[in-house]
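The primary structure of each chain is shown beneath.
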Amino acid sequence: MEKSTLVEFESKCVQEEPPRCRAACPLHLDGRALCEAAAKGRFDEGRKIIQKTLPLPGILARICDAPCRDACLRREKGGALELGALERFCADEGPFRRPRILVPKTGRTAAVLGGGISSLTAALDGAGKGYTVTVFRGENSRGELLSLSPLLTGEMVEEELQWMENLGVHFLPWDASVSPEGLAARFDAVYAGLDDPLCRSFPELLEGGDPVSLETAVPGVFAGGNTPSFIFRAAAGRRGMKSVERFLQGASLSSSREKEGPYETRLFTNIEGIDPAPPVPVPPRGYSGDEAVREGGRCLLCECMECVKSCAFLQHYKGYPKKFAREIYNNLSVIQGTRLANGMINSCTLCGQCERVCPGGFSMRDLCRTARQEMVLQQKMPPSAHEFALEDMAFSNSQGASLLRHDPGHSGSAFLFFPGCRLAGISPRTTESVYGHLRNVLDGGVGFWLRCCGAPARWAGRRKELETAGKELLDQWRSMGSPLVIAACTSCLEVFRKELPEVRAVSLWTVLQEKGVPETVPIPSATAALHDPCTAAELPEVRAAVRDLVARTGRPAEELPLSGELASCCGFGGLQECANPGLAAKTARERCGQSSSDFLVYCAMCRDLFARTGKRTVHLLDLFFPPPGGAGADLPPVSWSDQRENRTALVRNMRKSLWKEEEEMEEEEGTLSLVMEEETEKTLESRRILAGTVRQAIWHGEASGRKIARPDGTFVTCLKPAAVTYWVVYRPREDGAFEVLNGWSHRMEVKGTEEGAP
Amino acid sequence: MKELVKSFEKYGEYRCASCGCPLELRKTDITYLGSVFSVDLPVCPSCGMVFVPEELATGKMLEVEKILEDK
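Residue numbers (my numbering), protein chains in the order written: chain G, 4 to 761; chain H, 38 to 108.
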């Protein structure tokens, strides 16, 4: 990934942008952090935050006029935070303990004119930059500081001035010889604080100054702070001393200074659903500890996190897209060492919800897909991540599990029904019924096309495999006379639209909306919530068709909080289920938790993933093509093994019943009968060991004799059909069947296990 | 790992079905993504058929596979 691509991704995420209070403060005090500390009663922490940003904290924290109030988002929900009062409480509650940092002297000298807030800030900052600073102030400047507010005492003012002297700032009395021009000749640079009336007596400092650099007509002299706001006076002093620094370095006085003063932050914070709360009133004596804690607790702690709030994947990896973008960039740049973000990159569902809820349009989908493609090209994609899905894709396109035929009795097809692997595997019965219905309601012949659309390769970042699949799809489609494809699955439709735009494809749902359904049974639940699959988020016509069809059942379904174009994934998409099954289960559970009602879905994979969590879930097709004895809410999930077997059985049955094709001889191993307890079946399913593989292993173990006999009369055998070695424990039964007792697998290659593999 | 290998001694009760020999612990090379390790595994002394126990495959082996895949 190019650095510029990273920067482009990063710029879209606003989570690291400062909160409004901090952006609005001319000195950028972190009001959010201050409130957070106050809410916890950590006022020592609060003082640290104040002294890190504010010069003269003992004075400014007590008299800050808090311009942040106008920007505070709480204004819209009860009233702005009383940040000024919180600063004051922190200052009153305990002493500022400032570490004295020794700064090497640069040999440069700076003169500061005036004894007000602005001048003292400039002097402090100048000392911090290693300049030898001399302040020229009037004899009553202490009194003038004290008179700024009745909240200040002589002791407070003295403490701050003493601190400055400790830092090496020299104070000299103002006399008649003081003039900007004269000081400019004696010192390397000069700053004049215009909040001091003495400085305002020089007309050359008041006229024609530059508002950004505070440069005056006198070369090397900067001036500012002529404002009633104390905090803006301090900010002018800070700005002026920055200009002095640039001036002494010969750098530009005006470039890149946009964010020095107050600015508008890009941070977005959603305040929907936040209850209004009025500010804790500030008594004349200031807050008590308890009041400060309560006021701090009112802070919204502004942050964006819009995408994270509704995504189990982003929550799991504890961060936000900007942070993830950097981690992914680093991951792709690793030459030697551990690629820590592989798991994260492969766990995104690629549903695109983040992009749709993000105020800046950040797409984790684009980021993770780009990363996956790059990892594949670099040959750094962990082989285990997507292999199961890619093997399933190959199986779906194999002879026994795929089918392409014209409508029986027709020599051409105006339409081509594309049920997709999941519907055919999870509900072969519905697949056949829907095909029968389409043949009844559509004229011109409806062909049947069962195979994989290529989505797994697309999700896995395997462009080469996707292109190969795309070419096969195009060839097959053209060979049928380029008919209109009717896709039952929105993921397949997405692949057709995005990768094969030449293929004319529509959704089954829009066809059913137009042509009608054979019958309808009502939703079998008291209340049902309609769940949109993530791939329908960008298909408004499909969502509208589905809602129209649901209405025909006579009972409307409730809408989930994040539905329609904001729909998120069930956990299957992007191969999350393959690369990170635990997280996929969590994703499905969270999605199911959005409503206590039963779910109504129109994606076979959503149905299965939700059913696995125990959620009562009905597939919409089961309302129009009802299964015997019900509407499908209690149908069990279908294992990976059964999905494969269902697909081959579907192909076999349809070829026989519709196209009258003779069944080819099955391989003998396919007829081997297996028996296993439910618990064993679950173990094998979770280890992704398919019944077909078990059958093959036992067949070869028995045929070759390469097996190990255990003392209890059972056998262990192994098989390595491709990259993975599978072990199966079994016992031959008297009836000729094989009882399967256990199974496990490994990817490491062990010399001595390969022999005997087919 | 030593303890795990020690526990493999119990597979001495397992026999190679084709040769009839009890399995013995022997140094065996296992490889993945270019890395090679040598581990004592139960092996048929006659035909060399190796047995990879479940606790190794689902434990240490899986762990190492994941580490190597992220290298």
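Keep in mind the hints are simulated off the structure, nothing from the lab. Predicted model only: the values in this text are computed from it and were never measured. There may be inaccurate statements among the hints.
Unchecked claim - Straight-line alpha carbon distances no greater than 27 angstroms define the calculated BS3-like cross-link-like pairs of lysine-lysine that follow: (1) K108/H with K321/G; (2) K43/H with K326/G; (3) K108/H with K467/G; (4) K723/G with K321/G; (5) K326/G with K312/G; (6) K685/G with K64/H; (7) K312/G with K15/G; (8) K108/H with K6/G; (9) K685/G with K43/H; (10) K245/G with K326/G; (11) K723/G with K97/H; (12) K97/H with K754/G; (13) K663/G with K383/G; (14) K518/G with K15/G; (15) K754/G with K64/H; (16) K383/G with K97/H; (17) K321/G with K43/G; (18) K108/H with K383/G.
Said to hold, decoys possible - To spell it out: a stretch of chain H is covered by chain G in this simulated footprint if at least three of its residues, at any positions, have a beta carbon under 8 angstroms from a beta carbon of chain G; those stretches are: (19) 38–47; (20) 52–62; (21) 96–107.
Cβ atoms here follow ideal geometry from the backbone N, Cα and C, with glycine treated the same way.
Okay, which hints does this one fail, numbers in order? 2, 4, 6, 9, 10, 13, 14, 19
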